[in-house]
Amino acid sequence: MDPLTKICADQYVVMRLPSDNCKLVELKVDSSVSLGKFGAFNVNDILGYPLGTKFEICYDEDTAAEPIPTSGKFKNKIPIGRIRVLDDSTLIEEEKLNNFDSSENNQDLINMGSDIQKLTSDEIEELKKQSVSGNEIISKIIESHGNFHKKTVYSQEKYLKRKKQKFDKIFTVDYLSSSALLQYLIDKSDIQRIMDMSQESLGMLLNLANVRSNGTYLCMDETGGLLVYFLLERMFGGLNDSTDTGKIVVLHENEHPNLDLLKFSNYSEKFINEHVITVSLLEFFEPPTMEEVEQRFAPLKKEQLYELKSGKKNTYYRKLKWYHNQLEIMKVTNEIEYDALIVASTLQLTSLIPKLGEKVHGSRPIVCYSQFKETLLELSHQLYSDLRFLAPTIFETRCRPYQSIRGRLHPVMTMRGGGGYLMWCQRVLPASEPEVTNNIEVRQEEEGESSNDITKKQKLTV
Amino acid sequence: MSLTTSCFSEYKDIVQEGDLVLIWISRDQIKPVKMDSEASFNTRYGTFPHKDMIGKKYGSQIAIRTKGTNRFAFVHVLQPTPELWTLSLPHRTQIVYTPDSSYIMQRLNCGPNSRVIEAGTGSGSFSHAFARSVKKLFTFEFHQVRFEQAMQEFKEHGLLDENVTITHRDVCADGFTIKSGDTTSFDLTNVQNVDLNANAVFLDLPAPWEAIHHLDSVIAKGEKVGVCCFSPCIEQVDKTLESLEKNGWTNIEMVEIQGRRYESRRQMVRTLDDALERLKDIKRRKLAGMERRKRQLEGLKTEEEKQDQNNGQPVTEKTQFNPFGKGERVKEGDPNYQWKEVTKIESEIKSHTSYLTFAFKITDKTRVEESK
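Quick note, the sequences are listed as chains E and L, same order.
Taking the UniProt record's numbering, the leading residue of the first sequence gets 1, the next gets one more, and so forth.
Taking the UniProt record's numbering, the leading residue of the second sequence gets 1, the next gets one more, and so forth.
Quick caveat, the hints were computed from the structure, so don't treat them as lab data.
One or more hints might be untrue.
[Claimed, not checked] Dumping the calculated BS3-like pairs for lysine-lysine here, alpha-carbon to alpha-carbon at most 27 Å:
hint	chain 1	residue 1	chain 2	residue 2
1	E	K161	L	K365
2	L	K135	E	K270
3	L	K246	E	K164
4	L	K57	E	K355
[Claimed, not checked] Covered stretches of chain L, going by a simulated chain E footprint (3 or more residues, C-beta under 8 Å):
hint	region
5	8 to 22
6	57 to 65
7	104 to 110
8	235 to 242
9	251 to 257
10	339 to 347
11	356 to 362
[Unchecked claim] According to the in silico footprint, chain E covers these stretches of chain L (three or more CB under 8 Å from chain E):
hint	region
12	126 to 133
13	217 to 229
Computed from a predicted structure; not experimentally measured.
Beta carbons are placed, not taken as given, at the ideal position from N, Cα and C, and that holds for glycine.
In isolation and in its complexed conformation, chain L is listed as follows (with noise of 0.2 Å):
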């Protein structure tokens, strides 16, 4: 019932009391939600209690009716991913979007034997992204009440209880070595120096060059080992490829990773054919209107004209031909018009991100005896 088992790491079927939930409202409102029975979920749509979802799959759709008014209203209720999550993050600083993230964790081969520095924390987000596909994760915040808040989230998501400790340093100043009286989530009874050993490290700094030289100590000996320094400024890169190369790291490599989301929409197909052919309706019914007027003037009225005057109606003739809804309110997709579909373009795109550094280094390079 507790939040022991990940909702992270372990897939899940039903939701119960005491998940951790990801309510999807639209595609910018995904909240966050502890199922708690007592509990309801609030929306200016309608109130949601917990106990409907209870119960309920995973990716269950939640359908109210709204009070008096007795409309129709729904959510989704979702198993956070880390992905979903950083959509739904409360943002503590800027945060590493997933076309970044995935890139960084593909380049630096994240997998099951993945040890991975992370400094700093920050949102935590990234973190989330790490947890679920590697070995062990070792991050690292200097900020006092970020370092508070991501340690609770952290440990309220179980990552605590699975492969990810969390340590509150200026690793600039002082590294990254953990040791019996730091303040961290690393279980250290009977430990005097962590032995990290790290092949992947993910530096989120100001100041990457200043805690560069510190990795020698922590990264695996004899293997190939990672490094990914993530700035946004191009003077940062500059220093940081100085302090990558005064270190022995090679392969350096920097880039930038441009993502970018589409919507899928609909144009009206407008031929040039109905075009001409509703100019020249226009062209025709202006004509007729000429006509009519002049014949008024003249007091040569049809007998059809006449009748309208006893009415006291003037005659305006509406048109029937009138192919792209002019003047109307024609919603997009609307099945008595022909479209054609096509991709938009966010309406403000992230154009930069950061640069992201790559280097790598092999620290001991001794050969092993074959000892088959």
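Next comes chain E alone, as it looks inside the complex (with noise of 0.2 Å):
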């Protein structure tokens, strides 16, 4: 089965609930899973249908997978129901709001509280722990509330849809792209974690860094395999088996890597190691040289590994494992030319983006995200008296969601602020100093207004 389009076992998914909340649950054959008000359901029922269905959980007496303990250790545990696959939701509620009368406007419609609501919470509680279904409640609800008939079709439709986010016990069921491990972790309000990122700035820095799956990439992720995943799912698509050679090497500024949020995604560990290279700054910066590792460390020939007993053989891999590793560490170092440098860290950019610039080969993008403008527009400065780099410049990108209901469309009330910033500039490789004859000045100075920054750039060398 294709994990990529189908609900698979063993596969890390995202739930949104009605509440709008996210979820992320690894799929385990034969377990449940809890989703608090929501409801249970178990695992298996779902496996097989098209990532991004929507299922409603039902607790019809006949049909409840198993009987609700009224006591003892499990008094409290949310029963499980069966899983039923939903079609169309939108008619379903269209249909609801037939039913009901409703005004013109909302003229008669005077605040009581709840004083309204016939139904008292207490019953309410106890239809949730009949477990009836969410429209069953909802539409009881409804019949005892005396004004519903008072408000709008607009208003109605909005107290429904709480009520809703409420009661119903629907989920879906969606791949873990990168934008929604994104939107999970914003939802889970990580902000601060993720650097404030948004999904319209990750968005724009893969196509201004030119994301391919052919390329090597340098990078510095701060957000703990954000990033990372963003860059992974681009280049690979979630395709364990891909054949692409496109490479990241990320380099950290502590003495570990930290790209746990890598753990969530349906790549092996296997694939992550032959595409994911981690490197510490001060090893980049400071590699080893060949001859100081071989000092240390030579690899044994085959005859002589034979000879070797259990213990030392053992020793000999942990051995030729770190061998390996700083084989690995020269290369990235000294022998790769970036097809890309992304950088997300709070360093400060101006003292690591031009060394880091260095490696990159001529004619590839540079791109810098930062939640503040401010940094990026130190780094912009710095790097355009610099004529290694080309046209430093400052984006920003913002999404506004509208209500996408006919006839009343219009920007959403409220949206979250924030979303970063993102520095573009490729690197370039500057002409040597050009032979001074005599009278060299820049031409292009002269024209005025439309002179451009490179000449700008170039008046501080000449």
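Join the two chains, each given in its own frame, into one complex according to the hints.
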């Protein structure tokens, strides 16, 4: 079964709940998943359906998957219901509203607080305990609402939506795309950890950095692997058996890298080890020399290896791993001209980027994400006066969502602020200092307004 | 030597004869040029022979000295990327800019699994970005001339040899199915009907609602498929929403992307103290001037002033105190002054490009039994 299109076992998926919250779940065969007040279900019941499918948890008496214990250890355990695939929820919604009268306007509507609802909260709790379906509870609540018919259609819809978010036992199972992982972290309010990133900024970063399946990218990621996951998904699309050759060299400022978030990805450890190489900043800037490495360890020949005792063999293999790691560090440090530099770091960019940029191949992009414009401003001024970097530019991109209902289109009233900024420039190779004959001046200087940034830059060196 | 491998899909090291390169003169002047050792690239700053670029590393700065005046001028030679191409593009139609196109690609989860339908092709700017990232791109253009131009361009860029096909088609009238007899770059030998099996759709059409119902027969079954309709008017969005709902698309959301570009600039730091000091200086000199005139009228002159008069020069004391460089041409960033780094937004912003309406659909929700 294809884990990219179908719900498969042992896969992390993102579940969207009626409350609009997300939940990250690993699907273990023969286990159950509890969604709190929205119910619980058996994992086996959803396997094999397309990712993106919407399910309802049903608790009709004759279909309940297991009896609800009324006492004992599992008294508070959420009962497991049966699964039903939902087809078109919009139709159901419309039908339901048509059964009620509504008002042209709300002039008869008087706010009486909770008095207007004849069902007490205890009674509603009782209904919930009986595990009546969300629709039934909502119907009962509306029936018992003294003023429902005095509301306008619009406000009835809003009311219904609110109640649905509370009582519906519906969830959607989606593929854990890079954007979905980001959204999950935002919902969890891990904003600071992910440097206030947004889907639109990261989408733009991937395009500006010209990320492809066959590139070798130098990357710093302070978000614990979110940025690396965006790169991996764009490069390999979740394909564990991808034959593409792309690689990401991730630099870290701590002794050990932090790419924790990759544990949610569906890439195997083997795949990640093949395509993601982690190197500390110290190793990167002060790599070991071949002599140093060989002084400490030299690989044995096959015959010599056979003669080793098993205990020594283990030590040998550990050292061999270290040896190969050192070779790799030397390779990524000295031999590779990178196809892009992609940085999301709170280290001082003016000291970091020019040094890392040195390792980038000519005509390849450098993209830097920052939560704040000011750090990128400082950086872009610095790069501007450095002939190795062409046209540093600061971008901001924001997505403005709309209430997307026919006849009632308008931007939503509140949205998330933030989303960060991007600095984009090209790595270039300055021509060697021109021979000074006489009177060399930059011609473009005379062009006034139209004179461009490279001229200004050139002037600094002439 | 020829363009059989796309300069858009292979990272190249050295500029070679026949390469399509982008010559960067300035931010607003980026020119696509095919390398030909016999030819030259002319700018108003001078002539750059291609042979000076061939053999150089991509990204190299190419410098020349203009004839006669012996002045120094230069350009940069870059390898095309879809984003740089978008900046250099010959516009056949309004184009989809990077803030929009990158968001659409991200939201439709474009990657090596994506099979994308694009209609219409337009200037082909977005096609290049799709082509870089997806498995297959099926692009449709109904305008005969634009179709031919785009096909020629994709051919030259090597896209048609890789993962792109372009078809001449009015998708609103005739749908998306590619079949024998079509005017298309698709190789239809031995093929009757092409199974597009698309899992992402981008509709940049004046009336997307007329094309949406045609999608059912060409989108992938049993998996989630995303569509994005790109329309400048809210009335178009309204009709699109109606059509999407009617055709069973869900999770419908319309958004707008606002992209902003900032220039890094500097503003002079001008302190209150300096402003006060300057006013005091002016006042002091004014007083001194009045004193002098008074003495002049009274015939009282200092030795110095007498000497000045002997030269026939009226005395005007030039101030040494000019903290803000008034009356001088001060260049932004002049090291003799103090500067604050600031950002300046573009003088003309793209305040509205288009509304992006997204929707998703799973055509066949039947369950696949585990077959492990």
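Going down the list of hints, with the structure as the test:
1. E:K161 x L:K365: Answer holds: K161 (chain E) to K365 (chain L) is near 25 Å, not above 27 Å.
2. L:K135 x E:K270: holds, 24 Å
3. L:K246 x E:K164: holds, 23 Å
4. L:K57 x E:K355: Holds. K57 (chain L) to K355 (chain E) sits at ~20 Å (cutoff 27 Å).
5. 8 to 22: Contact hint for the region 8 to 22 of chain L vs chain E: holds, 4 residues under 8 Å.
6. 57 to 65: holds (count 8)
7. 104 to 110: It holds: at least three residues are needed, and the region 104 to 110 of chain L offers 5 whose Cβ sits within less than 8 Å of chain E.
8. 235 to 242: Check passed, 4 qualifying residues.
9. 251 to 257: Since 6 is at least three, the answer is holds.
10. 339 to 347: Result for this restraint: holds, n = 3.
11. 356 to 362: With 3 residues closer than 8 Å to chain E, the region 356 to 362 of chain L meets the three-residue bar; holds.
12. 126 to 133: holds (count 3)
13. 217 to 229: Holds, because 4 residues of the region 217 to 229 of chain L bring their Cβ atoms closer than 8 Å to Cβ atoms of chain E.
No hint from the list above goes unmet by this structure.
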